[in-house]
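Throw the hints in and build the complete structure from the sequences for me.
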Amino acid sequence: MDVNDAIHDQLRKAGVTLAATLPDDWVAPLIGRIDKDPEIRHVPVAREAEAIAICSGAFFGGVRAAAVMGATGLLTCTGELATLNLRHQIPVFIVASRRGSIDDHRIYQEVQGRRTLAVLDAYDFPYHVVERAEDLDCIPDAYETCRLQKRPFVLFLARKLVKGRAP
Amino acid sequence: MRASEALSILAKHRGEAAVVCALGMAANEWWAATASEDTFYMHGAMGFAASFALGLALAKPDLPVWVINADGSLCMNLGCLLTEAQQAPKNLRHFLVDNGVYQTVGAVPMINRGRTDYAAMAQAAGIGRTATVSDTASLEAALPSILAGDGPVFANLRVEPDPSHRAIPPMPYEGPEMKYRFGRALERRLGITVFGPQGY
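Protein chains in written order, with my numbering: chain A, 253 to 419; chain B, 18 to 217.
Calculated directly from the structure, the hints in this document are not laboratory data.
Every clue listed holds true.
Below are the DSBU-like pairs computed for lysine-lysine, each with C-alpha atoms no more than 35 Å apart in a straight line:
#: 1; chain 1: A; residue 1: Lys402; chain 2: A; residue 2: Lys265
#: 2; chain 1: A; residue 1: Lys412; chain 2: A; residue 2: Lys288
#: 3; chain 1: A; residue 1: Lys415; chain 2: A; residue 2: Lys265
#: 4; chain 1: A; residue 1: Lys415; chain 2: A; residue 2: Lys402
#: 5; chain 1: A; residue 1: Lys412; chain 2: A; residue 2: Lys265
#: 6; chain 1: B; residue 1: Lys107; chain 2: A; residue 2: Lys288
#: 7; chain 1: A; residue 1: Lys402; chain 2: B; residue 2: Lys107
#: 8; chain 1: A; residue 1: Lys265; chain 2: B; residue 2: Lys107
#: 9; chain 1: A; residue 1: Lys402; chain 2: A; residue 2: Lys412
Going by beta-carbon spacing under 10 Å, a handful of chain B positions derived as facing chain A:
#: 10; residue: Ala66
#: 11; residue: Ala76
#: 12; residue: Lys77
#: 13; residue: Thr100
#: 14; residue: Met195
Quick caveat: nothing in here was measured; it's all calculated off a predicted structure.
Glycine residues also receive a C-beta, built at the ideal position from the N, C-alpha and C atoms.
This is the structure:
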């Protein structure tokens, strides 16, 4: 099974039926899988924080949602994650690319690589980095952890998982 | 038309709608008019009440959902109009309280005040049904049409800025309490499960 099919499959196992998305090139193939799934309401957005708020509203409709975005977009959401999700203790499950890792040789991603986890630590937002396809079955557990901790949870997708090893 | 008058009229026509309020003046006036618990009053995330309401509307397509937005908030997230247009939720009504100022910080003038036509922007984004009203009689007359038929509908309520700088008390619940009040109210009304068996 293709890795993006496997991620999509695990999101389904976690009960996700709504996904709000804005792509970077690492998560775009996953978003393509979501878009083709008639069982998941796909909500493309114009800015990543929209995805956070849409998933938060869906929570109150009893729907399990996921926000899918790139790491750069995740950093743009920190204010909303703090003042909506942290303030009200609303869980939101985020799938994001782990840009700026040691195998991501892009100068415009290096700050994301150095500071994203530190920002999440400062907010006390839990996260987990998935590096191997055989570990993707952690996604339903990660989703439950997100619910239990009543706050944002970021599931990062490593480069070698979604893009293969760097040349 | 004063914001309090506009929101009192909306409250009379609310029916079974679940309501999401942008933070600040709109939320405070709605609380003053309704003391409603099946309303989500944003405490933060300025600009994103409309997105939150869209998520709820998509999650519960048979539930009428209103967002009571404010002009300052809308301008922080104009892209929400594109998302709303693309998703086209039939159950969503988007009310904009447009007073041209940042009321709660002392009625500081809004950017581009007096030149922005928000209903035209919504229309241009692809929201087919829009309205603009500036007085109570027009609002009373327009509401049956705004509430009938399929959404989304975007209604710009042009109201006067409040020069008194009166402090309208916000709803008195802290963030987590409001989450549980709103979620439990929807569970009771709709027979849905928002929180799990252990309460989270």
